[in-house]
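Peer 1: Residue numbers (my numbering), protein chains in the order written: chain A, 1 to 575; chain B, 1 to 141.
Just so you know, the hints here were simulated from the structure itself, not pulled from any lab data.
Here a beta-carbon is modelled for each residue, glycine too, at the ideal position from N, C-alpha and C.
Be aware that one or more of the hints could be misleading.
[Claimed, not checked] Label-pair restraints from in silico Cβ distances:
#1 A/Lys82 to B/Pro98: 40 to 46 Å
#2 A/Gly267 to B/Ser124: 45 to 51 Å
#3 A/Met366 to B/Gly69: 48 to 54 Å
#4 B/Thr25 to A/Asn90: 27 to 33 Å
#5 B/Thr48 to A/Glu85: 42 to 48 Å
#6 A/Cys506 to B/Thr25: 44 to 50 Å
#7 B/Thr25 to A/Lys503: 43 to 49 Å
#8 A/Leu134 to B/Thr48: 21 to 27 Å
#9 A/Ile534 to B/Gly69: 24 to 30 Å
#10 B/Ile137 to A/His443: 42 to 48 Å
#11 A/Asn90 to B/Glu135: 36 to 42 Å
#12 B/Ser124 to A/Thr510: 52 to 58 Å
#13 B/Thr48 to A/Leu487: 44 to 50 Å
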Amino acid sequence: MEEKRIGVYVCWCGTNIAAMVDVEKVASGLKELPDIVVSKDYKYMCSDPGQDMIIQDIKNHNLNRIVVAACSPRMHEITFRKALENAGLNPYMFEMANIREHDSWVHTNRAEATRKARDLIAGAVSKVKWHESLEKRSVPVNPATLIIGGGIAGISAALELANAGKQVYLIERKALLGGTVSALDLTSPFLNSARQMIDHKIKEVMDHRLIKVYLNSEVEQIFGYVGNFETTIRYNKRETRLNFGNVIVATGLKPFDASRVTNYGYGRLPNVITALEFEQVLKDGVILTRDGREPKNVAIIHCVGSRNEDYNPYCSRTCCMVALKFVNQLKSALPKATIIDIYSDMRSFGKGCEELYSDTSKKNVMFLTFDHKADLPQIRQASYDDPCNLIIEFKEKFSGEPIEVPADMVILMVGMEAHENAKQVAHGVGISMCGNRFFIERHPKLDPVATTTDGVYVVGTCQSPKDIPDSVSQARAAAARILATILAGSVSIEVTTAEVNEKICCGCQTCIKVCPYSAISYSQEKKVSAVNEIICKGCGTCGSTCPTGAIKSKHFTDIQILSQIEGLMSLQEVY
Amino acid sequence: MNENPKIIAFLCNWCSYTGADLAGTSRMKYASYVRVIRVMCSGRVDPTFVIKSFQEGADGVLICGCHPGDCHYHEGNYKCLRRFHLLQKYIKQMGIQPERLRLEWISASEGREFSELVNEFSESIKALEPSQIKESIETFS
Ligand SMILES: Cc1cc2nc3c(=O)[nH]c(=O)nc-3n(C[C@H](O)[C@H](O)[C@H](O)COP(=O)(O)OP(=O)(O)OC[C@H]3O[C@@H](n4cnc5c(N)ncnc54)[C@H](O)[C@@H]3O)c2cc1C
Ligand code: SF4
Ligand code: SF4
Ligand code: SF4
Ligand code: FES
Chain A
1 MEEKRIGVYV CWCGTNIAAM VDVEKVASGL KELPDIVVSK DYKYMCSDPG QDMIIQDIKN
61 HNLNRIVVAA CSPRMHEITF RKALENAGLN PYMFEMANIR EHDSWVHTNR AEATRKARDL
121 IAGAVSKVKW HESLEKRSVP VNPATLIIGG GIAGISAALE LANAGKQVYL IERKALLGGT
181 VSALDLTSPF LNSARQMIDH KIKEVMDHRL IKVYLNSEVE QIFGYVGNFE TTIRYNKRET
241 RLNFGNVIVA TGLKPFDASR VTNYGYGRLP NVITALEFEQ VLKDGVILTR DGREPKNVAI
301 IHCVGSRNED YNPYCSRTCC MVALKFVNQL KSALPKATII DIYSDMRSFG KGCEELYSDT
361 SKKNVMFLTF DHKADLPQIR QASYDDPCNL IIEFKEKFSG EPIEVPADMV ILMVGMEAHE
421 NAKQVAHGVG ISMCGNRFFI ERHPKLDPVA TTTDGVYVVG TCQSPKDIPD SVSQARAAAA
481 RILATILAGS VSIEVTTAEV NEKICCGCQT CIKVCPYSAI SYSQEKKVSA VNEIICKGCG
541 TCGSTCPTGA IKSKHFTDIQ ILSQIEGLMS LQEVY
Chain B
1 MNENPKIIAF LCNWCSYTGA DLAGTSRMKY ASYVRVIRVM CSGRVDPTFV IKSFQEGADG
61 VLICGCHPGD CHYHEGNYKC LRRFHLLQKY IKQMGIQPER LRLEWISASE GREFSELVNE
121 FSESIKALEP SQIKESIETF S
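Using the sequences and the hints, build the whole thing.
Peer 2: As structure tokens, then:
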């Protein structure tokens, strides 16, 4: 057996780890363990000097296994694997011990956290001894892309790809493209016409020879893997099979159902309407109350269903600016009316937004505040002798005084939610949802449009509430990512797959029954099973089910995990 | 009572490990007895991993996977669940209290649930005597 020469690197992560874990003691203590040639601590292992240190040590000390104890492998495993590669070592000769997310950040006793770090590293060291070189495999990429959702995000991605000469299949469940933007009149913050913007984009899509649009269609289940997916959709009552290399999910938003906030009487009080309904009023061109009169007082209420533990805890990010858009449109359509904007905080980040706020506040508009954490405003029908149709009662935030505001029309700034069917979509394409039911990106900062499923991207408001510019940026970013893989011609796929040892396999075919991807088949001729490593996604279920131990789950083999357990439990209690 | 229990937790990469990471990024504090082993899916947790953990002296073993229906590989957690019931019976026969082995579902967004689970499981393991399995195996062999 080859000699194991292990290098261990314990990261301080500034003070993130070092404040709770005695990194120097851990690193020096490890020198006692067998096979450890180098053991060091360093301020920031992921920095260039940190990585260079590993590369130099690999070369100078002939290291053949590396352990880094630092943040979560979900954060930097790839970074360090690349460093190994740069040093000429197989990237899989690496293991990470998570002493930040799972240790220094969650514990309060330095001695205990230090002991835990030491144990986690000992586990990683025992495991890495059994690591084997794995060769990257790549498969050709089908240059077509499937886009689910034909709102502004889906449309933007489709055009970006098709204009680069690549085939796009655009699936829209409604009868028309355009999504929410088609329902808008003007757009904040620059008050441009939504229709001018979206209509010609829709036309461009419909006319594009490389974009095949499937209206009134939905996708159920996608099969395959990055570069080579397939699905069957129902279109015009016929089953159509599509093959594509990448997927963009752009299923968009659902406006919050205002009737859930009973205080506002939506559904009961006819002159209380939602922002989306008011967009239609604006598109129709005449602003009238339900009984056909011109309103003298129009009130707007922010944060409907947003920033509230009873509904959605998050901010919907666009409604403050949409409210200001409405204020401006109301001011020009009804110059004599009183406009009352009732908000909790005015969120006007983004290009042109603070400017819109400051311009609007010069326009003789009544801005009032309520406390979104206290009781929400209450809307009631005014009585006959009141000079208005509705009365809004609430406690003014700064004075703390209860006030009553007259209104003939109230516009509720409903927030954004994920669609009810987000879960089915997530399942169909194999991605996850966060607690608020938006799809999760691979990394919130460094990889905001990819997902943990290679080849599947999430863009627009299905990923989180956002405005049109942000939705379009994400869409085009995802398209660019896909174009890059198409250009490369091939993508590397999972190498940590399963493998059957034909000498041990008894042909019982238990593994075939448990594989969720039908990646295993039985050879009548050889009387043993075999894994198709292109289809296998490396879940490891067959490995833990095979009664003879014939299956090796690469990189998570039995011996690797059993050794990790031994390592974790190997060190003395006191330290 | 066991003041210093040793607990091994097998977390699936996609939901539970990410949930535990979230507990970290949200700086939720919890008991420090748990040592995590990452597997791609709870379906990978081979019975021998659990037995080995007890043999090496673990006082408790926790397995966490995605909620039913949410497994990244569709159904690995169902396979795990089925195996879990058999395993509990099996460890009982070995003389290990079945409550030393727990299976729970933790999603990627459930950092709080993860930290609460660790605290609660740690308390329940602390309430038991230290596991004698390692010693009894050593005397046998
Ligand atoms: C009242 C209101 C006013 C707004 N005003 C502005 C503004 O002035 N300025 C601004 O920048 N932003 C504004 N926004 C935000 C803007 O509407 C969004 O940023 C934008 O619509 C996001 O586009 P999208 O493509 O992500 O989603 P959507 O526009 O919601 O499009 C999603 C599309 O996907 C389709 N779909 C959903 N599920 C499926 C499925 N399973 N299969 C197939 N198709 C599916 C839907 O039918 C829809 O066509 C406003 C939002 C609202 C609610
Ligand atoms: S953008 Fe404004 S109105 Fe919308 S939820 Fe956030 S603070 Fe409330
Ligand atoms: S379960 Fe194991 S022994 Fe049975 S067919 Fe599959 S690989 Fe062979
Ligand atoms: S590791 Fe999972 S996907 Fe691969 S062959 Fe085994 S059961 Fe199927
Ligand atoms: S991936 Fe989490 S249980 Fe299967």
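Peer 1: Look at each hint and say if it fits the structure.
Peer 2: Going down the list of hints, with the structure as the test:
1. A/Lys82 to B/Pro98: 40 to 46 Å: Holds, at about 45 Å.
2. A/Gly267 to B/Ser124: 45 to 51 Å: 48 Å, holds
3. A/Met366 to B/Gly69: 48 to 54 Å: Since A/Met366 and B/Gly69 have Cβ atoms about 50 Å apart, the given range 48 to 54 Å holds.
4. B/Thr25 to A/Asn90: 27 to 33 Å: Once the Cβ atoms are compared, 31 Å apart, the range 27 to 33 Å for A/Asn90 and B/Thr25 holds.
5. B/Thr48 to A/Glu85: 42 to 48 Å: Hint violated: Cβ distance 33 Å, outside 42 to 48 Å.
6. A/Cys506 to B/Thr25: 44 to 50 Å: Distance hint for A/Cys506, B/Thr25 holds at roughly 46 Å.
7. B/Thr25 to A/Lys503: 43 to 49 Å: Taking Cβ atoms as reference, B/Thr25 and A/Lys503 lie about 46 Å apart, which means the hint holds.
8. A/Leu134 to B/Thr48: 21 to 27 Å: Roughly 23 Å apart at Cβ, these two residues keep to the hinted range, so it holds.
9. A/Ile534 to B/Gly69: 24 to 30 Å: 26 Å, holds
10. B/Ile137 to A/His443: 42 to 48 Å: Given range 42 to 48 Å: holds, Cβ gap about 44 Å.
11. A/Asn90 to B/Glu135: 36 to 42 Å: 40 Å, holds
12. B/Ser124 to A/Thr510: 52 to 58 Å: With a Cβ separation near 34 Å, B/Ser124 and A/Thr510 fall outside 52 to 58 Å, so the hint is violated.
13. B/Thr48 to A/Leu487: 44 to 50 Å: 46 Å, holds
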